[in-house]
Amino acid sequence: MPRYSGFRILAEGLRGNSGWQPAWRKPAPKSSYDVVVVGGGGHGLATAFYLAEVHGIRNVAVLEKGPIGHGNTGRNTTIVRSNYLLPENNNFYEHSLKLWEGLEQSLGYNVMMSQRGVINLFHNDAQRNAALRRGNSMRLNGIDAEILDRDGVKAMCPLVDLDNGRYPVMGGLLQRRGGTARHDAVAWGFAHAADARGVDIIEHCEVTGMIVEGGAIQGVRTTRGEIRAPKVGLAVAGHTSTLTDMAGFRVPIETHLLQAFVSEGLKPLIDCVVTFGAGHFYISQSDKGGLVFGGGLDGYPSYGQRGTLPEAEHVYAAGISMIPALGRLRGLRSWAGVMDMTPDGSPYICKTPVRGLYMTAGWCYGGFKATPGSGWCHAWTIAKDEPHRLNAAHTLDRFREGRMLDERGNGPFFWAQ
Amino acid sequence: MSQPHRLAAGGHVDRTRRVSFTFDGRRYEGHPGDTLASALLANGVRLVGRSFKYHRPRGIFSAGVEEPNALVELRDGARREPNTRATVVELFDGLAATSQNRRGSLAFDWMAVNGLLAPWLGAGFYYKTFMWPAAYWERVYEPLIRKAAGLGRASGLPDPDRYEAAHAHCDVLVVGAGAAGLAAARAAGATGARVILAEQDALPGGDLLNEPGLEPWRTEALAALAAMPEVTIMPRTTVFGFYDQGVLGAVERVADHLPEPPPHTPRQRSWTIRAREVVLATGAHERLIAFPGNDRPGVMLAGAARSYARRFGVRAGENVALFATHDGAYDAAFALAEAGARIAAIIDPRPDSPAMQRAREAGFAVRAGSVVSATVGGTALRGIELRAAGGSGRGDAVAADLLMISGGWNPAVHLASMSGAALAWDEGLQAFVPGPPAQRERSAGACRGVHGIGAAAADGAAAGRAAAIAAGFAAAPDIALPDAPAPDHRPHPLWEVRGRGKAFVDIQDDVTADDIRLAHREGFSHIEHAKRYTTHAMGTDQGKTGGIVGAAVLAEARGEPLAKVGLPRFRPYTSPIAWGAMAGEGVGAHFQPTRRTSLHAVHEAAGAVWMDAGIWKRPAYYPKREDADAWASVLREARAVRERVGICDVSTLGKIAVEGPDAAIFLDRVYANTFSTLPVGRARYGLMLREDGIVFDDGTTSRIGPDRFFVTTTTAQAGPVMQHLEFHLASVWPELDVSLASITDQWAGIAIAGPKAREVIAGVVSGLDLSNEAFPFMAVADCMAAGVPARLFRISFSGELAYEIAMPAGYAAHVWQAAMAAGAPHGIEPYGMEALGLLRIEKGHVAGSELNGQTTAQDLGLGRMLKKKGDFIGRVLAQRPGLTDPSRPRLVGLRSLDPRRQIRAGCHLLLPGGDGSSQGWITSATQSVVDPGWIGLGLLRDGEARIGSEMLAANPLMGEEVPVKVISPHMHDPENLRVRA
Amino acid sequence: MSAPEPTHPLAAVATPGRHGAAGDAPLRVTLPRRDLVQVMARRGREEALARAMQDTFGMAPPAAGRSATGRDASAVWIQPGAWMLTAPRGAEGALAARAAAAFAGLAAVEDQSHGRTTIIVSGPAARAVLARGCRIDLHPRAFGPGRAAGTQIAHVSCLVHQVDDAPSFELTVFSTLAEPFFHWLLEAGASHGVVIA
Amino acid sequence: MLRIPCPHCGPRDEAEFSYRGDATVTRPGPEDGIEAFHGYLYERRNPRGWQVEWWQHGAGCRAFLKVLRHTVTHEIRAVATATEALEVPEA
Ligand SMILES: Cc1cc2nc3c(=O)[nH]c(=O)nc-3n(C[C@H](O)[C@H](O)[C@H](O)COP(=O)(O)OP(=O)(O)OC[C@H]3O[C@@H](n4cnc5c(N)ncnc54)[C@H](O)[C@@H]3O)c2cc1C
Ligand SMILES: NC(=O)c1ccc[n+]([C@@H]2O[C@H](COP(=O)([O-])OP(=O)(O)OC[C@H]3O[C@@H](n4cnc5c(N)ncnc54)[C@H](O)[C@@H]3O)[C@@H](O)[C@H]2O)c1
Ligand SMILES: Cc1cc2nc3c(=O)[nH]c(=O)nc-3n(C[C@H](O)[C@H](O)[C@H](O)COP(=O)(O)O)c2cc1C
Ligand SMILES: [Zn+2]
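Chains as they are written, first to last, in our numbering: chain A, 1 to 417; chain B, 1001 to 1981; chain C, 2001 to 2197; chain D, 3001 to 3091.
FYI, nobody ran anything at the bench for these hints, they're computed from the structure. Be aware that one or more of the hints could be misleading.
[To be verified] Quick list of the computed label-pair ranges, beta carbon to beta carbon: (1) D:3045 / B:1561: 54 to 62 Å; (2) D:3026 / A:245: 18 to 26 Å; (3) A:161 / C:2008: 30 to 38 Å; (4) D:3077 / B:1472: 16 to 24 Å; (5) B:1604 / D:3045: 23 to 31 Å; (6) B:1472 / C:2069: 27 to 35 Å; (7) D:3084 / C:2124: 37 to 45 Å.
By construction, the Cβ of each residue, glycine as well, lies at the ideal position given by its N, Cα and C atoms.
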């Protein structure tokens, strides 16, 4: 279909918007592909896009059990940043952020990437020192980071109560290039662009089995029949264990639930992304006007996509403690996602014990920002059958080897990061 | 005359009293019992807001929580509440409301030009444009979109009101106090069950409030409930969510109907309700019909117009038309006629029905087989256009100032759906009703499609009784039910009348039927995709009136039954709820409890500057007038310790009593070093690893008796260590006979450190020989301190001769004072966390910033502590290659080459003239007192080999780069002569 | 030197008198000094411990969720195989010493008299006030005199023990957290009014 | 919100408890080596369905409990003490 642009909108508007066609086709699955990607979230769709775009592999299917983008991609708080401590991580996320910066143009789809700045507040010496270590690590790796004093925080986000809370604010670590993107548009944009490059996006097609012969993948069984492929990439987030179970091995993942919330629509109130260092809380405002916010995990494994009250109360309480002006605004809706938590909080983009089976997984609650980077590295790993330098450390075997990527030093699954 | 549309009599308003309020600055009057909406209508105010995208004029559309249009900014100043539904605001004297989302005046909003641009502002247009030039998004396009989007304005000021949380338990929770809910609560209450009846409205009754003839039954029911001691009626309480295992959340609006909360009264209270059984009697929401201009002020849901007439005594229009698809809606026409309005026309797509006949008999002009195809007017309805159902083009015009519409009723299945019940399609009602329950829940009345007050009450009574029996109570005699005929609510399935102009399916978010079709054309055909692409049902009303209409338009476009298309998923909250209420009172200073040692008052009196250590407050330092700055205080305190003697509160350290015949074996397994060989009366420094081989915690543990150990942990890890010990005892080694008790709070701790420490201790402690031979380094003994029982430890964190006295916490202040007195001749000074940090850095002792969950014992130079024989937690995995890799960063000491140049924790260490890659980082830094200048500890690749070399401490964040020398971490007294002196 | 009176953890905040609203059924709060001793049975010695407790204190160790009253002390169940012995404050360490002697070889004994703080709340408002933070059901059908439960109130671990039908509840909290807990109690009771003895 | 029936204390809110991992893994013996410990500490069944898991009743009796819980519906079918095999308890 023709590209999207302002001119097309004008032209279509004049003819009653009757010429628009599906943003991606709805093909029936073929019996075989060069690569099958399981999972039509951002990561799976991005994998397919980069397989086609970078590696010229176009005979690709993305299999999605429901509608695309209705997993974590469609339910996250949309924070995009690359402010990580460990070089293995910050280099990867920076690569991803750079892809974000040109994503609209590469996809021909407005994913509303908005580099409005992400501030992580700190409240005591220990937190400030950790922020310095992290920020300096970023700077030494060529990533933008700034340290803000209290005035700097006030200037970026005047509503933050610097003094009256239980934990007065000492300052913040700012990444100006960080921000938010429109979650749904990311899935749709990748789908649109992958489809335009020949990828089959097959919705309502659940993978129910893995065909493994002689230690190598041969294809998948699905609710829409068997589909053969010499290479299969998993991008199913919280459902990874279910799929690897089908392939006959276990992975270091626990699936936990994380809630998110949105307020009623408001005129612009909060212009950046702020996270409260003392109480697991982060907030930003969507372009539609809702305050989008969240906190920590509910604290136990769940595939239920729904959260519960105590953690919600904590999130709201942390919110008001940081920004007392929120009190009279109203929460509109809450929901939850199914998080693939790893023992060290860092992801896997790697080969697996089954030949020809690859995965991008273990994104915990931080994988939205990784969407383009994950797809890019996953596609590389699939195409070349070896990891790129950027994801070389993100293996399943790192725990066997004692090379954990534990950003926060919490220890295995504790609980669960 | 004020309130020209107020009826002379009837309804639940108190005409004997007047309440004055303002809207957009103009003053009006209403009565107690009014909502803001009913009072505005009584005063003839029709135009109350502007729409989200096209800034179209909007009026009052409903009479309840489902309101999409009449959103106002309520109150002003710090109490301003944007997006407040005028239809649920109880009127109070002095109420001030302002219309929102307009530029210019409400009557002339220049953003209404957006309406002309509508062909280009269709669903999802923004995804397809604004991409070039790339840099314009943040600078130009996005700010424009953001400003245009959103609804009301937040005050931006701290909320002055208070909120509470509360907990409730019951056998049966009944949600909704309409006929069904009242009957359910009565039936359940009669069995003796504990019942809570929650109703979001100020007045219980639901639709009964619109039925004057049934008022006796309502009052009788309320009286009966009030007489049941185990029944609690909670008005103004919205049940907002149904969570797992019979837990529901509710918010009680305690003082929203008042100008401001009275003293000691919260504005709202949030309830967590745990119910054995739940009866949902939440009624139904009337649905709109999509037709061009269905959003014009003057178009109103039929049930709402009926409610304004009957409950509020307000005539919402004078010349009224009804557009309905079922008999149930006709009562609205009768109600308006009773109220003195003229019924201009009744438009109904059906050929005939009993209600139509009654309407004809009443003399109303019934236009059977026809539909409304357009509305006429500007900011207020002046008339409608009709045409034959199934026809096209323009038809007759009828003048009307109120068009009542009803496309049928949507059972309020929100809570049932949240509880896990699937929804089932009811072909007759053209609606989704709750399917089989997933929890101990049942629906009754209109929320499961049982219409008619008599039928709903009977249904409610049955549900209430069944719930009580399921909760374990014996059946009670039947209750009296109201006698009322059931209107037929089964609608003709008419969802949309197509024509020129915008036919809205979501009035709040300006989503039209065409938008839904566009979404389908572009492949967003799944209901969840269509919702997100168009923002249908994503506003503050979550599509209560039009959600299913959008789904129906989509179903038609897809050519599939609505039952298959379904509705978007229901989620908390049934209605938006105040942030403050969800947060409760644990906010601000009480967000987390503040933990204080028993010496808090002593430090306060000594002028301590406080710092947070986890949830503890600890003294950072004790400034004196002569100190130039904080550093001067810290250095002074540290110097006192190095040169004379200092005193410090160490009560926050975790303390665990480990007792039992297997205590020593247990400690050998949880510590990386050995404790079974520790003699009674001695302490040992211990290191705990996590199972993954990383250092978990450290501390000194003393053997108090053969089977008794006094374990100390770091402040931060006290809780986790206790849990870790409990877990391993319970799950891994249940055969060990060991008991654990947290004694952190029982024992306060005071450290006395410095060359003069022994003299000071001698002045405090009695009953012990303190000589170095009798009480050497690492000795422990019970004693008396200043006349109270105490335990003396000879341990040192500072690197000086030092003791810690532990005593029952209530005596700590007493002992502290005794030590201060005994130390006065020696120049004793209290020292805080900062000096403590300085001293331990000089000594090379690791603390939280080194024990950060990422380091191994080897990394910290403590590798020799790991025992060679026997199992212990972390032993095996500590041997993984990545953890024994010699290139891992090792603990080193660092000194700034220029003593005046500060180095900070968080600096990275670079090779001078190198490639700028990080070789390690500084974990802790301070000024030194033994050798003035800046020093630190750090973790450095090849650390040991680099001792003696120079590195750069780089802090690009602050533009600093300071040359440092790598030195041994043990900067002060490496031979430990002083601690053993 | 004779031992001084220990400082009360709430000395700085619990000012006697009336707080909050002027209702006619305020919450009554007292701060009795009590000795508390944690008793943890040795593996397999529960029966012998029960006999020793009977002999020394005149009561059997109460079952889970219950308390027992003996001659000059009470016991509250706190954990499987563990109880809190409580008695009005006596000589420092005396209750613990008595328990240690009586239970030698049968139980580990830890004095917690300073580590825990007891607050008694009483009166018709007590249940409603506690419901502001207490997640467990204190309705007479679910709880009652002689019942005890460990729970968490306002983020602070709290042992709730109902002592009579007034109703009166003995609340035992960690001493270093007694102050924020007490702050919560005053807030929770404000709409009824609180009278501190 | 979960309500976990503690065998000692009765049904209590989830807020009083903390989750501590899959209860079906057993710590290997000291000589079992890195691979066995890797399996114990890291590899997870992570079922979409019934799971036996550790919960500590931290704010109540502090006992570690085994809880049989469904990870989709959150239904709790049985709770046992640490040393019991998990079967439906009597009370
Ligand atoms: C509440 C919340 C807040 C978050 N906040 C942020 C944030 O601010 N910033 C950030 O960077 N990250 C955040 N995250 C994390 C982020 O959302 C995820 O890491 C990321 O979106 C994962 O994308 P994905 O494509 O891997 O997974 P998903 O989007 O979940 O996609 C996986 C897809 O696989 C499909 N699937 C599963 N099993 C099968 C099968 N058998 N057959 C076929 N298909 C299958 C699923 O249906 C799903 O569509 C948050 C997550 C949540 C839940
Ligand atoms: N205006 C109308 O014509 C109309 C509207 C609805 C029902 N009905 C009729 O009412 C009768 C049915 O009675 P019913 O009792 O089933 O419904 P009802 O509408 O009379 O009562 C439902 C009650 O539940 C309350 N409620 C809904 N959700 C709630 C929540 N989350 N928290 C707290 N309260 C909540 C509502 O405020 C209302 O008072 C039938 O005759 C039906 O036809 C008529
Ligand atoms: C960034 C973001 C913004 C959202 N804004 C809204 C909103 O304005 N209105 C709304 O009803 N839902 C909003 N949602 C929530 C969605 O409606 C939906 O609940 C969420 O995507 C999860 O899907 P589910 O509830 O269908 O499971 C938003 C979600 C996200 C991730
Ligand atoms: Zn318990």
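Now for the hints, and whether the structure bears them out:
1. D:3045 / B:1561: 54 to 62 Å: violated, 40 Å
2. D:3026 / A:245: 18 to 26 Å: holds, 20 Å
3. A:161 / C:2008: 30 to 38 Å: Given a distance of about 33 Å, which is inside 30 to 38 Å, the answer is holds.
4. D:3077 / B:1472: 16 to 24 Å: holds, 20 Å
5. B:1604 / D:3045: 23 to 31 Å: violated, 53 Å
6. B:1472 / C:2069: 27 to 35 Å: holds, 31 Å
7. D:3084 / C:2124: 37 to 45 Å: holds, 42 Å
Going down the numbered hints, you'll see the structure goes against 1 and 5, while the others check out.
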